[in-house]
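Note that the protein sequences, when read in sequence, are chains B and W. According to our numbering, the first sequence is numbered sequentially starting from 40. According to our numbering, the second sequence is numbered sequentially starting from 811.
Computed footprint of chain B on chain W; a stretch qualifies when at least three of its residues, placed anywhere within it, have a C-beta under 8 Å from a C-beta of chain B:
#	segment
1	830-838
2	843-849
From chain W, some residues computed to sit far from chain B (all C-beta separations above 12 Å):
#	residue
3	M811
4	D815
5	K820
6	K821
7	G822
8	L879
9	A881
10	E882
11	V883
Derived by calculation from the structure, the hints in this document are not laboratory data. Just so it is clear, CB atoms sit at the ideal spot from N, CA and C, and this is done for glycine as well.
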Amino acid sequence: MKKSIKLAIAGNPNVGKSTLFNKLVGLNQHVGNYGGVTVEHKEGSVDRGGYEFVATDLPGIYSMNAFSPEEVLTRNFIANEKPDLIVNIIDASNLVKNLYLTLQLLEMKVPVIIFLNMMDNVKKKGFEIYPDILEKEIETPVVSGIARKGEGLDELVKKCIEVYENKPEPTTVPYSDSIKGYIREIKNVFSKHNYDGHHGPDFAEDWRAIRLIEGSETDLNEVPAEDAEKIHEVIQKLHRESGHKIHSVVMVQERYKLIKKVVSKARKKTETPVSDISSKIDRFVLHPFLSLPLFFVMLFLIFQVVFSLGGPLEGALESLFKGIGNFVSSFWADGSDSIIRSLIVDGIIGGVGGILVFSPYIFLVFMAIAFLEDSGYMSRVAVIMDRWMSKIGLSGKSFMPMILGLGCTVPAVMSARIIENKFERLATIMVTPFMSCGARLPVYLLIIAAFIPDGYQAIALLLIYLLGVAVAATVAKLLRLSVFKGEANPLIIELPSYSRPTIKSIVILTWERGKHFLEKAGTIIFAASIVLWFLNSFPRADVENVDKPLSENEISYVQAEGSYAGKIGKFVEPAFKVFDADWKIASSFLASIAAKELFVSQMSILNSLSEEEDSTGLLEEKIKDQYSFATAMAVIMLILLSAPCIATFAVVKSETKSWLWPSVQYFGMILISYIFAVAAFFIFS
Amino acid sequence: MNLSDVPNGKKGIILELETDKRLYNRLVSMGINQGNEFAVVRNNRNGPVIIDVDGSRFAIGRGMSKKILVAEV
Chain B
40 MKKSIKLAIA GNPNVGKSTL FNKLVGLNQH VGNYGGVTVE HKEGSVDRGG
90 YEFVATDLPG IYSMNAFSPE EVLTRNFIAN EKPDLIVNII DASNLVKNLY
140 LTLQLLEMKV PVIIFLNMMD NVKKKGFEIY PDILEKEIET PVVSGIARKG
190 EGLDELVKKC IEVYENKPEP TTVPYSDSIK GYIREIKNVF SKHNYDGHHG
240 PDFAEDWRAI RLIEGSETDL NEVPAEDAEK IHEVIQKLHR ESGHKIHSVV
290 MVQERYKLIK KVVSKARKKT ETPVSDISSK IDRFVLHPFL SLPLFFVMLF
340 LIFQVVFSLG GPLEGALESL FKGIGNFVSS FWADGSDSII RSLIVDGIIG
390 GVGGILVFSP YIFLVFMAIA FLEDSGYMSR VAVIMDRWMS KIGLSGKSFM
440 PMILGLGCTV PAVMSARIIE NKFERLATIM VTPFMSCGAR LPVYLLIIAA
490 FIPDGYQAIA LLLIYLLGVA VAATVAKLLR LSVFKGEANP LIIELPSYSR
540 PTIKSIVILT WERGKHFLEK AGTIIFAASI VLWFLNSFPR ADVENVDKPL
590 SENEISYVQA EGSYAGKIGK FVEPAFKVFD ADWKIASSFL ASIAAKELFV
640 SQMSILNSLS EEEDSTGLLE EKIKDQYSFA TAMAVIMLIL LSAPCIATFA
690 VVKSETKSWL WPSVQYFGMI LISYIFAVAA FFIFS
Chain W
811 MNLSDVPNGK KGIILELETD KRLYNRLVSM GINQGNEFAV VRNNRNGPVI
861 IDVDGSRFAI GRGMSKKILV AEV
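Could you put the whole structure together from the sequences, leaning on the hints where they help?
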């Protein structure tokens, strides 16, 4: 039987981890340029050199201090899964920073192989690196190469097999004798007792001693009180000797002392570095005055592309679903009122299709995000916007999700993954639906066309959008002052070098995230469509026993009025009466909970119009006749600020892994929109 | 002086990180450590300070940059 080597790939963000992983196992995934894109770790296996390699791509991290979810995941994976070896990929052009994690991995006493990546960038930075010297100094196998081009891969595989077969004694990090002495002293305290299992795997002893030196309280609590006292004494002695006040400083400085020693031998300065393209681009992108206009031009172009390509695609999908609906309908006799036909055609195809027609927008927005991430621009956006976002208790990283919300809330919510701080991320997700998405536009257009005189329509539309932004900002600030209280998380972000995104990686990322949307949201949308269909179709209206035959439009109206949806609309009518609206608006509003633009189609049904008619402006006329200006403004508030669509609910649920936050958001937004609606009515009447 | 006082294009050395343990570990693990040299790439009176440390470029929020004590070289 083939021997199986379990290996894990670990390293800093943006050092080519996913690239190496893809090249190694042949499974294609995304390479992100933005710190922490790979939140979930990925696995793959491949046969190489007569061995089966089972590889895991761990998230990009800078250290093993377990302060972030990614660090905890890496630590737990190494401790629990016990990989046979760890390939620590490091960016050869940033040796000092990268070796910090390397040392922490070595402290865990697991077999590590260093892959020195991006060797081609070293020269450009004016350095020469000697891998053999690095290998000797750090007492760990080193393979150098360029993952992007597949260089050094065969050698890496060979080295993995060699290490796996020989099982060399794990390296003891060559720290100074003084630190080694303290580590030994602490370990001596451990060994006097034989305490039980929670003491962890074998490698934990050195590592635990180091963590105790760093002042880890959790580790100290796990040690029996008597030992803890002795260990405390040892550490006190160490601190007196080192003169450092803060615990963790001793180890940090010890690591850097070693790194500087190693790097000074393994790396030589050859020539002055060539001014790299990234700095030249940054001179414009991060320019004090140009950065904002440039960003908005970029944003404008993105929305331009999304809407100009999305429109025709949406139209095509619409006709596709209509075609499928007609085809399925043709199995029943003309004018049949079969419940099953109605369930399949109106409920499922109509409902799910009605949301799927938006998937081109969603995929296009994902594609734009992938482009911005892969090019390296995304992290610059966080920098440009940090100053403004910090005023509402968020950091620059929250800006992109919020602005994407103007296109479609679903990808916007998903893009909030880039925010590491949990409370900031939740606050961002909670307010993103206030940003007016594309699906709300048809409703505004209808109402604006009916009530706002010609010259003022554009400004009215702009004011609606700005109100959404203002409410989002205010609610974010309030959330950060209350439920999601916490010190503002300062922005500390690495700006990767710019690189030309590959079509392949963009397609892969877009598909991965788009698929996620289709899968996660699909199930809930499917269920919700059936519920909505049921509410609109039952009880069946009696259209047989009437004096004169009804037109199709009239049948729709009678059905809608008598249905549960109509009844609910009438039941909640009193709440809508406050701003002079009737059950038709109430029922259309309820329909808009599935998807915002359904407000328009439900209004046409309730006003006995067929689809062909509402485009001719008849609906506008009818609305204008029935409702006052103030009522119309109240309805705009409802559409702008009320509960997000089902797809958003589904995605917020899966992104927060909780039913609580999407529910709070849902009902909170309904309440807020209602308050604004009533206020708008009284202001304008 | 602190990092936010260092003008564009100037070089310096990091002396002290006046932060809590969590942020301290975060900074040092990224190579922003005591004794390390840096060059200021961008420092406008507002917004984050951008520095270059050993070939890596970082943006550091203004508030944070005031807690990083430095000396110009």
